[in-house]
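2 protein chains.
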Amino acid sequence: MPFWQQDLESMSQEQIQKLQLKKIQNQVSKLYKDNTFFKKKLDDIQVKPGDIKSLEDVKYIPFTYKEDLRNNYPTGLVCGNWDNVIRIHMTSGTTGVPVAMAYTKNDLDVWADCMARNFVAGGLHSGDIVQQAHGLGLFTGGLGFHYGLERVGAKVIPTGSGGTERQLRLMKEWGTTVFTGTPSYALYLAEIAMEKGIDPVKDLKLRLGFHGGEPCTDEMRRRINERLGYTARGGGMRRCYGLTEMGGPMSMDCHYATGIHLWADHYMVEVINPDTGEYTPPGEPGELVLSNLSFEAMPILRYRTGDRVIVDFSPCPCGRTHPRITNFLGRVDDMLLVSGTNVFPSQVENVLLQQSELSENWQLMVGDNKGLHTLRVEVEPMPGVIISEKYIKDLEGKLHDFLEIRCKVVIMPVGSLARFEGKAVRVVDERKKI
Amino acid sequence: MPFWQQDLESMSQEQIQKLQLKKIQNQVSKLYKDNTFFKKKLDDIQVKPGDIKSLEDVKYIPFTYKEDLRNNYPTGLVCGNWDNVIRIHMTSGTTGVPVAMAYTKNDLDVWADCMARNFVAGGLHSGDIVQQAHGLGLFTGGLGFHYGLERVGAKVIPTGSGGTERQLRLMKEWGTTVFTGTPSYALYLAEIAMEKGIDPVKDLKLRLGFHGGEPCTDEMRRRINERLGYTARGGGMRRCYGLTEMGGPMSMDCHYATGIHLWADHYMVEVINPDTGEYTPPGEPGELVLSNLSFEAMPILRYRTGDRVIVDFSPCPCGRTHPRITNFLGRVDDMLLVSGTNVFPSQVENVLLQQSELSENWQLMVGDNKGLHTLRVEVEPMPGVIISEKYIKDLEGKLHDFLEIRCKVVIMPVGSLARFEGKAVRVVDERKKI
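In order, the protein sequence lines correspond to chains A and B. Each step along the first sequence adds one to the number in UniProt numbering, with nothing skipped, and position 229 is 229. Each step along the second sequence adds one to the number in UniProt numbering, with nothing skipped, and position 98 is 98.
If you are wondering where the hints come from, they were derived from the structure by calculation, not from laboratory data. Any given hint could be a false lead.
Copies of one chain are not kept apart here, so a pair can be met inside one copy or by any two copies together.
Stated by the list, open to error - The calculated DSSO-like cross-link candidates involving lysine-lysine, where the alpha carbons are at most 27 Å apart (straight line), are:
{"hint": "1", "residue 1": "K105", "residue 2": "K205"}
{"hint": "2", "residue 1": "K105", "residue 2": "K172"}
{"hint": "3", "residue 1": "K408", "residue 2": "K370"}
{"hint": "4", "residue 1": "K172", "residue 2": "K66"}
{"hint": "5", "residue 1": "K423", "residue 2": "K66"}
{"hint": "6", "residue 1": "K33", "residue 2": "K66"}
{"hint": "7", "residue 1": "K172", "residue 2": "K202"}
{"hint": "8", "residue 1": "K22", "residue 2": "K105"}
{"hint": "9", "residue 1": "K23", "residue 2": "K66"}
{"hint": "10", "residue 1": "K205", "residue 2": "K423"}
Produce the complete structure using the sequences and hints provided.
Structure representation (structure tokens):
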């Protein structure tokens, strides 16, 4: 399998560490000089840029939290010359102040290179015809994928999300070989294809899918592969990773699928105990902490991602030497606290999708019955399948075993639950907000 | 006012002609060698590439029609190495087979440069913060604007269309100085701003707008300027021009607003009598015929745009020496044939928007009453304005004078007609299709 930037992707550990030290020293100096927020943070703990003499000393740099980005919205964390900024992206901000990221031309180049590395590691080449169905706009996902695909030199058909029948028509007309979009949209595409009498495996030439925007379980990926007749890469949970605070989507698994490659020449990876802030022993789970080593406009250092992961720092069989997220144990943001129990929606999905009788259309309703939290799983069966009362009871038992909390299962008519062309919304929390 | 590529934009006529001859000879040779459709066309009339010895000989190259692009969809007109194609755009194809365009990296660069020239000629600079609200996707408009803005080095906030309240919030938070989107969306933005108690003139920092995607009359532009407190450029009808067959949006007016600059180093301009195919005398109206001199992937030569224009080949006061469309008399596609009379929707808009009592929310219903075509103009008044029966009669009289056909005016309740975040749909043709 080819590389996008072989020299950089297969650097020795020593080279990586040397480069990282130089780059983080540079970022700290620049931020200290240019950014009042960062300078105050360092001054408060009486650290000077010159104190970072080795990678050991990185632990003296204060953490950055999501709240820091929100409190300094929109431009409080911009560093260097504002005139060089040529792009702004941000989160939707539906749950509060958005998190924004500013980019120079060079930042966009770094980002596109990281995405190009991911795509090439996953098997994309310049002969591919790609339908790019992540929505193009303020979110980092769409343009992040677009510029990465363009950098590889693939033929990009920038459909954006939606227009499912047209997506299928274009796949036939152009002989599209690669699809990019959310995993739930890939499954919806397969559903509409079948309705329209198109057999994706026989009638389309898809060979690869790159999925971002939302997590998907191994079982969901298996269904995508089976129904669209391609190999799905990315798609969260050990396969795709990124966040606006680090610039957007940045990492994916390669064709060996041994974990998500984090590009260490551009991002420094630390894994800490979220309670103490100390490093966890190698191979142990902990919170992922990332530093952006290359961005000029808004370099965020030691960002507390809130994501619980296991990182493997040994080389991958593919020849890439950078660290990999081998286990993604959950994003703290996605976790629900239900009557004192932690529930990850991905756990529910894992149980549901192991049932061949059930479709991938489901939602989790969290309610409140006089102070007692309730969980209700609504799920559609596969078309034509009749679900018995006993089956429902068994499924409730499995969910209880797995979640350690009781939840009610309701079988919904086929086609009654919402479909999603972008990110799927699986959780409806009807509890009163305090 | 600065230039983007001063040397190229202010070449002498002699230099332009010399360059054009070299480039069109190159395109003809390449197409003849690489494209069977074009080769057959030339062979049929016994013309060889070597026969094009001067610009006089360009008239021997056969015209290309929209039907040629449709009949050869998707890739029949691609020229050269398909491997070098990295982007595909196309029209919606709602009225039939889409028109598609393929681009190499170099083609995208040429396109971005043309757009950058337009923006700089209109007053944009790298310090501007731009909210880009043309929808990003398969249409050429969105990514065409995006790459041009990026090339200038302006700070692009790629909102895409829609999310109007959020657009306004971002304008306040980021101090946005430039808005790009359809003219009708600009007016809708102003409407929502007023509803939300935001005075765009006082509360926002907008200073320029670049509008594409649909024509707008001078009166509509005046209203945009007044309500959003900025200078609107582009927006069709003597201000912005482009078509998928030539790669997308490509031309706009400069700050002198003397006509749309057509970049003659990349596009050859001819004006012909649509019936005879002969050149019209300089300064006379005729059909615009364009040849793409620089594109590699799919160069279209002598394309019959169907647009009736007057072109001025003399230099503009801004110093740019390329030809300008000084009068845009109508796009044949937009023309309605109503009981034997040609009606352009822009004529209706022109009459309506001269009435200060009327809003810019209107639509034209074309009906059929036992074989007799009918025209009904539905329009909302400005909020709070009461329209009398006499006023309606007078307006019907004005429309009759202007259109030379009778039409009925119906005043609609404020807020009852559709608003558009993208291209406005003004004509509803309810006649039976034959």
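We went through each hint and held it up to the structure:
Taking the closest pair of Cα atoms, K105 and K205 come within 27 Å of each other only across two copies (25 Å); inside a single copy the shortest separation is 35 Å, beyond that limit. In this homomeric assembly, K105 and K172 come within 27 Å of each other (Cα to Cα) only across copies, at 25 Å, whereas the closest approach inside a single copy is 36 Å. When the C-alpha separation of K408 and K370 is checked against a cutoff of 27 Å, the pair qualifies only within one copy, where the shortest distance is 17 Å, while the shortest distance between copies is 61 Å. For the homomeric pair K172 and K66, the shortest alpha-carbon distance between copies (22 Å) is at most 27 Å, but the shortest distance inside one copy (44 Å) is not.
In this assembly of identical chains, K423 and K66 lie within 27 Å of each other by CA distance solely inside one copy; the values are 21 Å within and 38 Å between copies. Taking the shortest alpha-carbon separations for K33 and K66, only the intra-copy value of 22 Å comes in at or below 27 Å, while the best inter-copy value is 58 Å. Taking the shortest Cα distances, K172 and K202 sit within 27 Å of each other inside one copy (11 Å), while across copies they are farther apart (52 Å). Proximity of K22 and K105 under a CA criterion of 27 Å is satisfied intra-copy only: 21 Å inside one chain copy versus 34 Å between copies.
For the identical chains of this complex, K23 and K66 are intra-copy neighbours only, at 23 Å inside a copy versus 54 Å across copies, given an alpha-carbon limit of 27 Å. Taking the shortest alpha-carbon separations for K205 and K423, only the intra-copy value of 25 Å comes in at or below 27 Å, while the best inter-copy value is 33 Å.
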